[in-house]
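All chains, full assembly: derive it from the sequences and hints.
Single-letter residue listing:
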Amino acid sequence: MQGLIIDDVTKRYGPVTAVENVSLGFDSGKMVCFLGPSGCGKTTLLRMIAGLDLPTNGRISFDGADMTSVPPHKRDIGMVFQSFALFPHLSVGENIAYGMRIRGASKAECAERTKELLELIHLPGVEDRRISQLSGGQRQRVAIARALALDPKIFLLDEPMSALDANLRESMQIELRLLQQRLGITTIVVTHDQTEAMTMADEIVVMGHANVHQVGEPQDIYKNPVNRFVADFIGTSNLLPAKMVAPDQIELHGETLKIATNTGDFAAGTEVLLLNRPEEVMVRNRGQKKPSNSIPGTVSFVRDIGATIEILVDCQGQEVISMLTPKDSPNVEAGMEVYVEMPVEACSVLAV
Amino acid sequence: MNVVRNAYLALVALFLVGPIIVISSVSFNSRNFLSFPPKGFSFRWFVEIFANEEWFSALTNSVVIAFSASLLAVAVALPVAYAAWRYGIRYAKVLLSLGIAPFILPPVIMALAFLLFFTTTGMYGWFVSVVISHTMFLLALPLVTISLGLESIDRNLIEASHTLGADDRTVFRTIILPMALPYAIAGFAFCFVLSLNEYIIALMTVGFTYETLPIKIFNAIRYGYTPVIASIAVLFLVVNVVIFGLIAIFGNLPRMLGALEE
Amino acid sequence: MSDQPSSASFGRLLTLVPPSIAIGLFFVIPFSLIVLSSVAHQLQSGDFVFGFDTAHYERFFTSIFIGRAVYSAILSFSIAVISLLIAFPFTYVLTGFSKRTRTIWLVYILAQLSLSEVLIAFSWQILFSRTAGITNLAVWLGVLDKPFSLAPSALAVLVGLVYLALPFAVLLLFPALSRLDRSLIEASQTLGASPVRTFFTVVLPVSRPALISGGVTVFVLTLGAIIVPQVLGRPGHWTLSVLITDQAIYNSNMPFASALAVILLLMSGAVIGVVGWLNRGSGK
Numbered sequence: 002m003q004g005l006i007i008d009d010v011t012k013r014y015g016p017v018t019a020v021e022n023v024s025l026g027f028d029s030g031k032m033v034c035f036l037g038p039s040g041c042g043k044t045t046l047l048r049m050i051a052g053l054d055l056p057t058n059g060r061i062s063f064d065g066a067d068m069t070s071v072p073p074h075k076r077d078i079g080m081v082f083q084s085f086a087l088f089p090h091l092s093v094g095e096n097i098a099y100g101m102r103i104r105g106a107s108k109a110e111c112a113e114r115t116k117e118l119l120e121l122i123h124l125p126g127v128e129d130r131r132i133s134q135l136s137g138g139q140r141q142r143v144a145i146a147r148a149l150a151l152d153p154k155i156f157l158l159d160e161p162m163s164a165l166d167a168n169l170r171e172s173m174q175i176e177l178r179l180l181q182q183r184l185g186i187t188t189i190v191v192t193h194d195q196t197e198a199m200t201m202a203d204e205i206v207v208m209g210h211a212n213v214h215q216v217g218e219p220q221d222i223y224k225n226p227v228n229r230f231v232a233d234f235i236g237t238s239n240l241l242p243a244k245m246v247a248p249d250q251i252e253l254h255g256e257t258l259k260i261a262t263n264t265g266d267f268a269a270g271t272e273v274l275l276l277n278r279p280e281e282v283m284v285r286n287r288g289q290k291k292p293s294n295s296i297p298g299t300v301s302f303v304r305d306i307g308a309t310i311e312i313l314v315d316c317q318g319q320e321v322i323s324m325l326t327p328k329d330s331p332n333v334e335a336g337m338e339v340y341v342e343m344p345v346e347a348c349s350v351l352a353v
Numbered sequence: 149m150n151v152v153r154n155a156y157l158a159l160v161a162l163f164l165v166g167p168i169i170v171i172s173s174v175s176f177n178s179r180n181f182l183s184f185p186p187k188g189f190s191f192r193w194f195v196e197i198f199a200n201e202e203w204f205s206a207l208t209n210s211v212v213i214a215f216s217a218s219l220l221a222v223a224v225a226l227p228v229a230y231a232a233w234r235y236g237i238r239y240a241k242v243l244l245s246l247g248i249a250p251f252i253l254p255p256v257i258m259a260l261a262f263l264l265f266f267t268t269t270g271m272y273g274w275f276v277s278v279v280i281s282h283t284m285f286l287l288a289l290p291l292v293t294i295s296l297g298l299e300s301i302d303r304n305l306i307e308a309s310h311t312l313g314a315d316d317r318t319v320f321r322t323i324i325l326p327m328a329l330p331y332a333i334a335g336f337a338f339c340f341v342l343s344l345n346e347y348i349i350a351l352m353t354v355g356f357t358y359e360t361l362p363i364k365i366f367n368a369i370r371y372g373y374t375p376v377i378a379s380i381a382v383l384f385l386v387v388n389v390v391i392f393g394l395i396a397i398f399g400n401l402p403r404m405l406g407a408l409e410e
Numbered sequence: 004m005s006d007q008p009s010s011a012s013f014g015r016l017l018t019l020v021p022p023s024i025a026i027g028l029f030f031v032i033p034f035s036l037i038v039l040s041s042v043a044h045q046l047q048s049g050d051f052v053f054g055f056d057t058a059h060y061e062r063f064f065t066s067i068f069i070g071r072a073v074y075s076a077i078l079s080f081s082i083a084v085i086s087l088l089i090a091f092p093f094t095y096v097l098t099g100f101s102k103r104t105r106t107i108w109l110v111y112i113l114a115q116l117s118l119s120e121v122l123i124a125f126s127w128q129i130l131f132s133r134t135a136g137i138t139n140l141a142v143w144l145g146v147l148d149k150p151f152s153l154a155p156s157a158l159a160v161l162v163g164l165v166y167l168a169l170p171f172a173v174l175l176l177f178p179a180l181s182r183l184d185r186s187l188i189e190a191s192q193t194l195g196a197s198p199v200r201t202f203f204t205v206v207l208p209v210s211r212p213a214l215i216s217g218g219v220t221v222f223v224l225t226l227g228a229i230i231v232p233q234v235l236g237r238p239g240h241w242t243l244s245v246l247i248t249d250q251a252i253y254n255s256n257m258p259f260a261s262a263l264a265v266i267l268l269l270m271s272g273a274v275i276g277v278v279g280w281l282n283r284g285s286g287k
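Chains as they are written, first to last, in the numbering used here: chain A, 2 to 353; chain B, 149 to 410; chain C, 4 to 287.
Keep in mind the hints are simulated off the structure, nothing from the lab. Check the hints yourself; a few may be wrong.
As the list claims (entries may be wrong) - Derived, one-sided and incomplete: chain C residues facing chain B with beta-carbon distance under 8 Å:
#: 1; residue: Pro33
#: 2; residue: Gln115
#: 3; residue: Leu118
#: 4; residue: Phe125
#: 5; residue: Ile129
#: 6; residue: Val146
#: 7; residue: Ser244
All values reported here derive from a predicted model rather than from experimental measurement. We put the CB at the ideal spot given by N, CA and C, even for glycine.
Structure representation (structure tokens):
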């Protein structure tokens, strides 16, 4: 069996369950993001893969070899910590060569590999600098180089971007993804930032409250969230309480709307949540003919931030967001009576 | 407001430093008796510390005791502080508290305890007895500084080291020891200075067999003044300032004294 | 960390064997000997045999020694109050200095704090002497007609002890005052309080735990002073610590010295305990 297998793993700290009955499997060479709010157990899961915490129950294996209770220093992993955890008493070069040195590699070998790695992370020639002389972004690169120095089987990153400022974060996401693709190393990144996960991952594991909610490719998760938690956490959603009237029809605010997908196979009469994404939703002036699949509402706020225009519409006390671009020239303002059009292909339903 | 503040500061500073200034000027006095303001200028009383056999042997005794006791104290403190910090072993925490206790109590209590112990075991007056006594009395200092140093180590560094292939022993050797070393040296220095200046415990363990400098000074005060005492006071103050100055330059003194620094 | 997979804990405990022997043999046993000795029989020869004899405690409670204990406590309490009064504003100003100035002061204060009590007593003896003391300065300034000696006296003991305690008081207050959130002071000032009012309504209450624990430490420290009361005072100014030394070394009465040491221990312990209890929850 190739790749990483997490088999029915549970972790309890006293009465608190951090991870509950999680089973996952990933192929070699993939980049996986554990995505979820803080306290959802994603870091604990990563630490169990690293061997820094032991599971209470369950097994973890790499390429068919059971790793569950192997100590971290024998696991063949490379890890980047949230704080980067660079050794302050060692130079940049000594940090990167640390793993090789304690394995008895010669000074020359270490120097050569360090040089190679510094070129890989676009920081050539900084071997002799102190860690305190580096900027946040440089520290992150050094931490990455140190973790990759021993060609580990699995590359683990715990919230690697959280210590960087916003601009740097975005460019580093792309750079890290390109680096991973170039090396073809199995990589797991823990993050609470959905944009980061969408940017980098082959596969996203959405976690909440010690459980895995959904596993899948980024676009698939975005388009077909399996429940309210995932829909809320990944991107912005309009979620409106509605009632099934037919397998492909719902009743909302007295209007009958058609839906494209009913994956839950909810029967007529079931209370459901209508789901659609703001960028699919259009706002129409009342002056025009009422479009199909629409409900009436009142514009409560227009947030025009240049690149996008967000229109918040109050529909019988519930807020519906429509996200448009200047090209759509929506021409609405707060207080205006409008129709909110939700195209059939954009509508699906979730359990309440 | 500022006038009051500065006057107050000046008064406190004068109170703190004034006696030292008087002692220094007396120590440079060229006459054979104490007078202030001093008459003449001379280093003869400093030369006397090293030239006079009695003063010099007291100085040697004090330095040997201080050095050995500090070394032993650091050696005893390191495993205790490490076990308490790294593994949170309850027994190690008990040892830590026990090790700090002697320093907190009025020193005469420990002095009496050592006097009783060494007379009972027949070791009264042995040179090693005062070394042991100073080790135990001053053990608190390296315990506290080393614990502080260890607490300043981010636990992530240890985990990072593990993920890079280091076992417990290697982590200790390559990460923990180098990072805690400045604090251990500071503990050694604190110990050294305080042992050098300690009087009552030395008196009660070896007071009638070996003279340390503080004992010799006390005896000298009782039998009459000599400006050598003033020169020793100056010498000691200079040694103290140099040692603490070095700690301040190479270590983080405000942090060691418990203030949070940026 | 207990959660981390690692080697047997036996090896970890092994490194604690030498420190355990050191602390057990050279602290716990000597310490217990004081308690045992305090109830031992004193023989005419000056030696003693272990037993259970409460005579030494009876002697304490029926002689002038109980008065000396009360005097020691009052003296130590006064020194604690005086040195905190002097040290608190000083430390407050000190924490506001630049890092460099602050460090220089800290180095000096540490150096003075470590200076042998013998040397401090000697310095003040000179300052209080007729031939080279501060009265000569007063004569030179024309304030006095002729120099005179200020020691031995109660005032000399008091000044010497405050000098001994002051560096400790400063260092004990330093951490709390440097951690003091300066925005609290700014907030108070934006609300219209003068610097003096801010000091009394914000700085002082916030520093209460440090003041109390600093006071306790200075109290215990002063209880332990041995040389200053001897050199700068008359026998009537001797504290319990001096009397213990006197009994142990010059009167060879170890059991009575031990009984006095136990009393001294209980006095220090009681103050540390009671104040710790009063201060509970307010510290960090």
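Now the hints, each set against the structure:
no.	hint	result
1	Pro33	holds, 4 Å
2	Gln115	holds, 6 Å
3	Leu118	holds, 6 Å
4	Phe125	holds, 6 Å
5	Ile129	holds, 6 Å
6	Val146	violated, 16 Å
7	Ser244	holds, 4 Å
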